[in-house]
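K.L.:
When the letters of the sequence shown are read in order and numbered with this note's numbering, they come out as residues 507 to 640.
Keep in mind that the hints were calculated from the coordinates and are not lab data. Treat the hints with care, as some may be off.
Using 25 Å as the maximum straight-line C-alpha spacing, the simulated DSS-like pairs for lysine-lysine come out as follows [claimed, not checked]:
{"#": "1", "residue 1": "Lys536", "residue 2": "Lys521"}
{"#": "2", "residue 1": "Lys528", "residue 2": "Lys565"}
{"#": "3", "residue 1": "Lys591", "residue 2": "Lys633"}
{"#": "4", "residue 1": "Lys565", "residue 2": "Lys536"}
{"#": "5", "residue 1": "Lys633", "residue 2": "Lys528"}
{"#": "6", "residue 1": "Lys633", "residue 2": "Lys521"}
{"#": "7", "residue 1": "Lys565", "residue 2": "Lys521"}
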Amino acid sequence: MRIQYEGLALPVTQKLADELAKLIDLYDVKGDEVTFNFRDPTYSAERGGFHPVEIRLEKRQDIWHLCYITDFCFVGKGYEAELAKELDFDFQAGIFQDLLGVYPIERVRDLYQVWEDNFLHYWLAIKVFGISVS
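Use the sequences and the hints to build the structure in full.
P.N.:
So, in structure tokens, the structure goes:
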């Protein structure tokens with residue numbers, strides 16, 4: 507199982523690629539596309555918690571490619587709170603989007619490195635996420 511992580515606009519690590527490849531095998535993914543949803547079951551607008559994350563991959567010529575990584579957060583208060591994209595790294599379109607705007611993806615290399623490091627820690631070290639596949 508190979509996931510293309512080299513040569514991307516952002517410094518995706520081999521560690522993330524390897525862990526996603528393990529999930530593809532674990533969930534016995536069939537077909538040419540997969541979306542992993544990482545959810546902290548205790549996350550809420552009132553209490554906070556670890557943001558939900560969605561990672562989409564598509565397979566081309568037996569190699570998996572990252573399409574996007576999206577980190578969501580609650581926006582608003584009380585019953586009006588709704589999940590919104592807080593950070594969206596769109597590898598296919600070459601853009602990054604946050605709550606303030608849209609930028610070329612290359613501008614957020616440092617932010618991405620911090621985000622990925624934190625995400626891997628939350629997922630693998632402290633195991634806060636339940637994972638679903640679609």
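K.L.:
Give a verdict on every hint.
P.N.:
Okay, the hints, checked on the actual structure:
1. Lys536 - Lys521: holds, 23 Å
2. Lys528 - Lys565: Distance ~15 Å between Lys528 and Lys565 Cα, so the pair holds.
3. Lys591 - Lys633: The given pair, whose Cα atoms are some 22 Å apart, holds under the 25 Å limit.
4. Lys565 - Lys536: Roughly 10 Å between the alpha carbons, so the hint for Lys565 and Lys536 holds.
5. Lys633 - Lys528: holds, 16 Å
6. Lys633 - Lys521: Holds - the C-alpha atoms of Lys521 and Lys633 are around 16 Å apart, at most 25 Å.
7. Lys565 - Lys521: holds, 19 Å
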